[in-house]
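Protein chains: 2
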Amino acid sequence: MAIRVMHFGLGPIGCAVARQVANRRDFKIVGGIDVDPAKVGQDVGDVIGLERKVRAKVAADAAAALETLKPDIVVLCTQSSLSRVLPQIETILAAKVPIVSTTEELAYPTSVNRKWARRIDALAQEAGVAVLGTGVNPGFVMDALPITLTGVCERVDALEIDRIQDARTRRLPFQLKIGAGLTPEQFLEKVESGSVRHVGLAESISMIADAMGWKLEYITDDIAPKIASKPVSSEFLTVKRGQVCGIIQDGIGYISGQPLIKLHMEAYLGAPESYDAVRVTGSPNLSMKIVGGVAGDVATASIVVNSIPKVLVAMPGLRTMRDLPIPSYFGGKLLSG
Amino acid sequence: MAIRVMHFGLGPIGCAVARQVANRRDFKIVGGIDVDPAKVGQDVGDVIGLERKVRAKVAADAAAALETLKPDIVVLCTQSSLSRVLPQIETILAAKVPIVSTTEELAYPTSVNRKWARRIDALAQEAGVAVLGTGVNPGFVMDALPITLTGVCERVDALEIDRIQDARTRRLPFQLKIGAGLTPEQFLEKVESGSVRHVGLAESISMIADAMGWKLEYITDDIAPKIASKPVSSEFLTVKRGQVCGIIQDGIGYISGQPLIKLHMEAYLGAPESYDAVRVTGSPNLSMKIVGGVAGDVATASIVVNSIPKVLVAMPGLRTMRDLPIPSYFGGKLLSG
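In order, the protein sequence lines correspond to chains A and B.
If you're matching positions, the first sequence starts at 1 in my numbering and goes up one per residue.
If you're matching positions, the second sequence starts at 338 in my numbering and goes up one per residue.
Hints may be right or wrong, so weigh each one.
Quick list of in silico lysine-lysine cross-link-like pairs, PhoX-like style, CA-CA up to 25 Å [said to hold, decoys possible]: (1) B:K552 / A:K262; (2) A:K53 / A:K70; (3) B:K626 / A:K289; (4) B:K552 / A:K28; (5) A:K215 / A:K190.
Label pairs and their computed distance ranges (CB to CB) [as the list claims (entries may be wrong)]: (6) A:P272 / B:R392: 56 to 64 Å; (7) B:M652 / A:F236: 44 to 52 Å; (8) A:Q125 / B:G531: 50 to 58 Å; (9) A:E126 / B:K407: 31 to 39 Å; (10) A:L312 / B:D458: 18 to 26 Å; (11) A:A158 / B:T506: 37 to 45 Å; (12) B:L649 / A:S256: 25 to 33 Å; (13) B:T618 / A:P272: 22 to 30 Å.
In silico negatives: residues of chain A with every beta carbon more than 10 Å from chain B [said to hold, decoys possible]: (14) E67; (15) P173; (16) T183; (17) T300.
No wet-lab data here; the hints were simulated from the structure.
For every residue, glycine included, the Cβ atom is placed at its ideal position computed from N, Cα and C.
Please model the entire structure based on the sequences and the hints provided.
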């Protein structure tokens with residue numbers, strides 16, 4: 001029996017997830033939900049750029065679609081903010097359907113978001129289903145994977161995690177999100193307004209701290225522009241010398257006054273090497289590197305799809321990557337078509 | 338409330354686990370079991386090389402000790418072979434006590450061992466407790482960690498995993514186990530008799546194949562001597578040119594006639610670089626390296642101890658690293674003493 005999936009939110013990430021679901025065994029797309037009038041009423045296959053119809057439409061009214069289609073799971077890819085997706089989650093849980101979401105703030109409850117997380121946990125328990133927030137980051141490279149490495153440690157003193165990405169090969173919205181092509185002044189304005197920012201460092205730091213049994217005092221999350229020292233271009237845009245080519249963001253978790261969890265991200269056009277790295281200081285020390293890094297969009301879509309079978313059998317409530325079984329590829333083979 | 342731990346088997350690994358249990362918060366050693374008459378009757382602290390007594394004795398009779406001491410968990414570190422530890426496991430499960438074991442063949446049921454695994458699973462379910470086999474390898478670097486990486490893949494075509502260790506810094510029994518100092522002829526005799534061999538490649542390959550949803554056709558497991566091209570020595574022994582300085586072992590899992598899971602181990606005195614590496618071929622490709630590798634004994638002892646709280650709340654039955662929550666350090670801090 002195929003797992004019947006409804007896709008709530010068909011932006012770039014929602015579409016990437018839906019394409020995997022369409023092309024993998026054991027899944028069936030039963031419907032889509034989107035606010036965009038241009039998408040509503042279309043076949044999901046057309047909206048996500050498949051070569052074929054999937055015989056499932058995009059609707060605007062989530063509650064009605066849930067009632068009619070009775071999916072086994074909803075993939076929720078709409079917004080980053082927990083308070084803003086809360087009404088959507090309430091609608092889905094009212095239909096007693098489990099959720100996998102790329103909402104960054106759902107990846108782990110921070111102290112700021114704890115009240116929303118508690119409410120979602122209570123609603124999910126009432127509905128008897130599990131809710132999971134996941135993705136490549138937050139959800140994997142800067143939290144679940146480093147935590148996994150500490151499983152072989154008898155003592156952990158500190159963690160440092162780097163994610164360095166050459167953004168030249170990423171999609172245009174990502175290049176814009178990191179501020180590429182802006183002047184430094186424009187960049188700072190966008191940081192102030194919150195439109196240039198990676199969401200998730202506080203979530204990753206909180207997940208690590210809880211896993212280590214450390215009581216966090218506070219978290220800092222600082223953003224700086226990466227300034228191009230020479231012209232650099234991607235398929236989509238060109239950045240002049242002195243303009244912003246991307247973002248540098250540092251999240252630090254302090255415990256007993258010490259910066260024990262350090263997350264460092266650089267994403268800019270022209271980074272000489274993409275990689276993910278984890279250094280655990282403790283016994284033993286561990287130094288891990290993923291050469292080339294873990295590609296953002298395909299990895300996020302993959303971990304969402306791979307998590308679906310685990311969420312279907314998880315304990316009801318708000319779950320995190322900390323309490324699910326180890327991540328793993330699911331599905332065996334792609335359909336030949 | 339401290340977790341009350343009984344240590345069944347006080348060889349080098351059992352002692353390493355017990356030392357961590359003695360030195361970490363939230364655990365209490367309540368007893369030891371060993372066949373060695375020189376250890377029976379001693380305080381566990383003396384046997385494991387602590388500077389202090391732990392006020393718990395080593396006993397020879399497991400059933401009686403379990404009955405009297407009622408531990409929360411037994412750490413079983415006796416033998417590699419599932420059929421040989423089966424009577425010990427039966428004794429422990431008769432007392433309805435959960436188990437974490439370093440028995441390599443318990444790390445994952447291979448087709449050869451399936452009947453023993455089924456029996457243990459049935460007994461554990463009857464007892465209402467969980468049984469886990471774990472360690473650094475099998476249990477982590479060549480199975481659980483590579484599987485975790487595939488969580489960000491939309492397709493997996495093949496996995497290659499390397500574990501290269503300079504054995505100069507390892508304990509003497511390990512150096513002897515890999516055949517260091519033997520002539521090539523002696524080495525081959527010991528391979529034939531089964532005394533020179535890493536146990537666990539078939540277990541790791543089976544775990545990966547099941548996680549990927551691949552049906553294994555067969556597994557090969559081949560051992561070759563590493564011959565010293567120049568003299569090399571450790572703290573304990575010297576190997577002449579032309580003698581064996583260690584072991585090369587290759588495990589391969591074939592699916593549809595293809596070698597899709599390749600595990601390659603080298604452990605020898607004088608390896609120029611120790612590391613663990615995973616390459617996933619698929620979408621996306623992934624290439625991970627742990628520089629310096631994951632140290633064997635401390636990592637095995639650590640993952641055993643870190644797994645205890647997870648096993649205590651796991652579903653009854655024979656569990657594996659595939660179905661437990663992600664590995665993580667447990668315990669917060671070492672006691673200052």
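Structure versus earlier hints - violations, ascending order: 1, 5, 11 and 17
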